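Asks: Line by line, the protein sequences are chains A and B. For the first sequence, my numbering assigns the number 58 to the initial residue and increments by one for each residue that follows. For the second sequence, my numbering assigns the number 58 to the initial residue and increments by one for each residue that follows.
Since the hints were made in silico from the structure, they are not lab data. Some hints here could point you the wrong way.
Since the list gives no way to pick one copy over another, a pair counts as held whenever it fits inside one copy or between any two copies.
To be verified - Subject to a maximum C-alpha distance of 25 Å in a straight line, what follows is the list of computed SDA-like cross-link-like pairs (lysine to any residue): (1) K456 - H148; (2) K330 - T82; (3) K453 - L412; (4) K330 - G421; (5) K135 - D117; (6) K302 - N364; (7) K440 - Q160; (8) K251 - S291; (9) K345 - T409; (10) K330 - S95; (11) K330 - G451; (12) K345 - L363.
Since the structure is predicted, the reported quantities are computational estimates derived from the model, not experimental observations.
2 protein chains.
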Amino acid sequence: MDIHQILRVVNVIVFCVCFVNGYITYIAIRLPLQGEMSAPGSPWPHPKELNSTTQTLSLDMADFEIGSNVIGCDVIEKGIARHKAMLGFGHKDDTLHAVEDLQIHVENTSCQAYPYLGMDESYTLEADQHATLRANSIWGVLRGLETFSQLVYTTATGQARINKTSIVDEPRFAHRGIMLDTARHFIPLPVLLKNLDAMSYNKFNVFHWHIVDDQSFPYQSIRFPGLSHKGAYSPVHVYSQTDIKTVVEYARLRGIRVIVEFDTPGHTQSWGKFDRDLLTPCWHNGHKGEAEYNRHGEYELMNPMLNSTFTFLEELFSEVTSVFPDDYVHLGMDEAYHYCWASNPDVRAFLTNVLGLNASDFSGLEQYYIRRVLDIVSKTHKKTIIWEDPIEKGLKADKDVLVEVWRNEQNWTNNMEEVIQRGYSAILSSCWYLNYISYGQDWRQYYSCDPHHFNGLARPP
Amino acid sequence: MDIHQILRVVNVIVFCVCFVNGYITYIAIRLPLQGEMSAPGSPWPHPKELNSTTQTLSLDMADFEIGSNVIGCDVIEKGIARHKAMLGFGHKDDTLHAVEDLQIHVENTSCQAYPYLGMDESYTLEADQHATLRANSIWGVLRGLETFSQLVYTTATGQARINKTSIVDEPRFAHRGIMLDTARHFIPLPVLLKNLDAMSYNKFNVFHWHIVDDQSFPYQSIRFPGLSHKGAYSPVHVYSQTDIKTVVEYARLRGIRVIVEFDTPGHTQSWGKFDRDLLTPCWHNGHKGEAEYNRHGEYELMNPMLNSTFTFLEELFSEVTSVFPDDYVHLGMDEAYHYCWASNPDVRAFLTNVLGLNASDFSGLEQYYIRRVLDIVSKTHKKTIIWEDPIEKGLKADKDVLVEVWRNEQNWTNNMEEVIQRGYSAILSSCWYLNYISYGQDWRQYYSCDPHHFNGLARPP
C-alpha cells in the first residue's frame, strides 16, 4: 500500500513557489500507520511499466538542460519551464554520476491546439546520465515530464537525486475526469486553478465544470448578462469571460480538457430568476405557479411548450460552445421529475393538441425536449454528453452521445450494463462521489472500484 | 426559528473590507427552507431583553458620531473604530428621522488591561435619535457595540436603517469558549484571527488554544526552541512568539481571553521528539522502548520517575505563563492510559521504593504526577483548568481547579453531576464537538443542549 505523495500541494508565497509533499501522520500513537512508505522518487499514479534500480544519480539544477525536437509550441515550452521549476533547487553530489540533461523526442511534432478524447498520452522515459523522454504527441510529453519531475527527490542535505529508471506508460482510460460543482457552492478562481494543478500531478485530463444549477448561475453570459445578474449568489460570485478564458488556458497547457455542463430541463431554478417563462408553471389547488412541496416547486423544469425556450437555448448554446473550445458539451438531462409538468393542464393539452401524444405521456414530452436540444447543439458541431437518466427511462439519443453513469453507487454495474447494452459509450462516475462523508480511510472504497468490473463490455452489434 | 445571520463572514480584498452576511439557501427546490427569516437588523445571539419597534430611523454614515466617557483606552477606541467600519457605507434617507450619534456611558471607566472570568459584560442599549449604550465595564461596551452594529441594516437602494430598539443584555454564562486544536492540524495565523472575528460577532469570550499534542508541537518556545524544531510538522508550521503576541492582542481588543493548553502526561508524543527522556519507556517482550500496538506505543506518558521531567516542566510553564497573560492555564491531564507505565518494571519499582505505594497503583502514580504539576504551576500564580478524567478516576486536585467535562456526549449530565458533587466548578464541552460529521442541520443538536439541564447544580456544602 502506498502512503506517500497522494497529492502534491502547492503553496504560493509572494514570488516564491514552494512544493510541499503531503504526508500522512498517525491518529493515535497506539494505532500506527499500516503499510510501507514508498521509496523517494516513486511516481504516482504507478506507470504501466516501471523498472527502478538502486543506482542513484545526482542532478545539478544549476546546470540541467531539458531539450526538445518540438520548436515554438507553447504547450511544450511552458510544460518544460513548469516542470523544471518543480525539480526544486537541489545541488549536485560530486560522488555520483549526474543526469546531465533530458532530451524530448516527439514523433508527431504538431503543436495541437487543444486536448481531445483519445489523444495519445503514451510515453517512454529513460532516466540515465542522458535522460530521454519519447512520446507520440505533445500530450504524452506532458505526462512524461510530470513523471520525470516526480522521480527527482532531494536528500536531507539538499542534494538532488534520481534513481536510474526505465518507464513505459500510457493511460488505461481515455477520459479521466474530476467534476466540480460551482453552483451549489461558488468556488473562487484560484481554487479552480489549484485543482487543475492537482489534476495535472495525478494525470487527470478532463475538468467537468458543472457550472450552474438550481441554486445559482455564476456563468456570466455575453448574450444574456441577466442570467448571472439575477441568478448568481451575488455580483462577486460569478465567472467572467476573462475568468473562463484563464481556466480554459490553464487547463489546456496541462493537457486538461474543460467540459462545461449546462444542465436542463431540471436543475434550472436559478435560470428562472432571469426569465420566469423559461420554466414550466406548476399548478396546485387550481392555481398556477403554486408549489406542492415534496412533489414540485412553483416553477420547475424548462418550459417545452414555448418556442421562446428553444430560441433562448439556441442562443445560449451558440455562445457557450464558442466560449469553451472542447469538442464536447455536457447537457445534463438528469432528474427531470414529471410532477410539475403533470400538474399543469396546459402541458396536458400541449401533449395531445401539439405533439399528438397521450395527455399523460410526460416521458414523450421529455423525449421531445431532449430531441430539440440535441438538434440545437448538433448545429454547433459539438458532440454531447448527458447523464444516464433519460437512457434508463428508455428515451432515445443519438448513439454518439456519451452517457455518464452516476446512479446506484453500490450497484453501478447494472447501470453500466444497461447503458452499454443500449448501444452507448459510457463514462462512469457512480463510485467516486467525493461529497460522501465518513471517518477515516474513505479512499479505500474509491480505490477499489474498477470501471471494467461489469459484464457486457463488448457492445452489441 | 432563526435562519438569518448565523455567522458574519469577512472578506478582505486589498484595502477594502467587505462584510457579507452569510445566508442559507435551499438544497432541493421541492424542500423549501423551514421557518421565517429574521427581520433585518436582528441581533445575534438574542439579547436577554429585546424591545424592537417598527419605527424606522435613518443613519448617515458620513455624519455619524460615536462618543464615549472613557478617555484614552485602546479597547474602547479600537472597538469604536472597528464597529463604525462595520456599519457599512449606507447613506441617509431624508424622509426619516436620523440616529445622529451613539453615546457610550461606562460606570467603571478603568481601562482594564485584560479580560477575565466573571468580567462584567452587561449593557443596555437604546437605539433612538440619540442612541445610548450604557455598561458597567469596558467589556460590556464591546458587547453593546457589537449589538448596535448588528441592528443597522442597509436597504437595496443603499440606505442605512435602524429600528427604534431597546435592549437589556448580559451573558447567561461567564465562560463562552471555542477550542481550536492546532496540533493535529496546523491552523495558519490568519485563520486563527478570522476565528476570533467570528467569536467576537457571536459574543464568545474564551479562545481555548489546544496548541500542542501527540502529532505536533507548533509552539515555538524561547527556552526550548528544539521542541518545535523537532516536534512541529515542518519549520513553517509553527507559532512564533510574534504570532502568539498577535493572537493574544487581537483577542484582548475583542474582549476574548486566550487560554493555552499544554496537555500532559498523555498526548505528549511530539515532546519526545525533542527529548525522549521526557517520556516513559514502554516495555514489550522484555525489551525497553518497544511498542505493543493497541495497548501502548514505544514511549508514552511523561516520565514521572525522573526529576528532570519536573524541572523541564517548571521551566516550560514559567515561560508559557508569562507569554499568555490570562489568569488560567489549561493542563490537560486527559486520557492518561496506564498500559505503558504498567509495562515498565522500573515504574513498578519506583512505586514501591520511592512512593511507598503498591507496585500496581498506577492511579497513585498519576495522582503524584498531577500533584507535582499543580504545585509547579501554582508557583506561577496562575489558576488551572484540567479535563475531567482524573476527577472521574477519583484523583484529587485543589477545589479551585476548574474541571472541563468533555466525555459522554449523549449522557454528559452524569459527568457534570459527578464533577459538581465532588466539589469542583465545571466547564461543559461534551455537547459541542464540532468535528463530528453528519449531513444536514447538525446545528440542531448543538443548539438543543442546555448546560443547566442536569441535577445537582447547587454545590454540596
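Asks: Hint by hint, note whether the structure agrees.
Replies: Results for each hint:
no. : hint        : in the structure
1   : K456 - H148 : neither (56 Å within a copy, 60 Å between copies)
2   : K330 - T82  : between (48 Å within a copy, 14 Å between copies)
3   : K453 - L412 : within (17 Å within a copy, 84 Å between copies)
4   : K330 - G421 : neither (27 Å within a copy, 70 Å between copies)
5   : K135 - D117 : within (21 Å within a copy, 54 Å between copies)
6   : K302 - N364 : neither (32 Å within a copy, 66 Å between copies)
7   : K440 - Q160 : neither (37 Å within a copy, 67 Å between copies)
8   : K251 - S291 : both (23 Å within a copy, 22 Å between copies)
9   : K345 - T409 : within (20 Å within a copy, 86 Å between copies)
10  : K330 - S95  : between (52 Å within a copy, 23 Å between copies)
11  : K330 - G451 : neither (32 Å within a copy, 64 Å between copies)
12  : K345 - L363 : within (16 Å within a copy, 82 Å between copies)
Comparing the model with each earlier hint shows violations of hints 1, 4, 6, 7 and 11; every other hint is respected.
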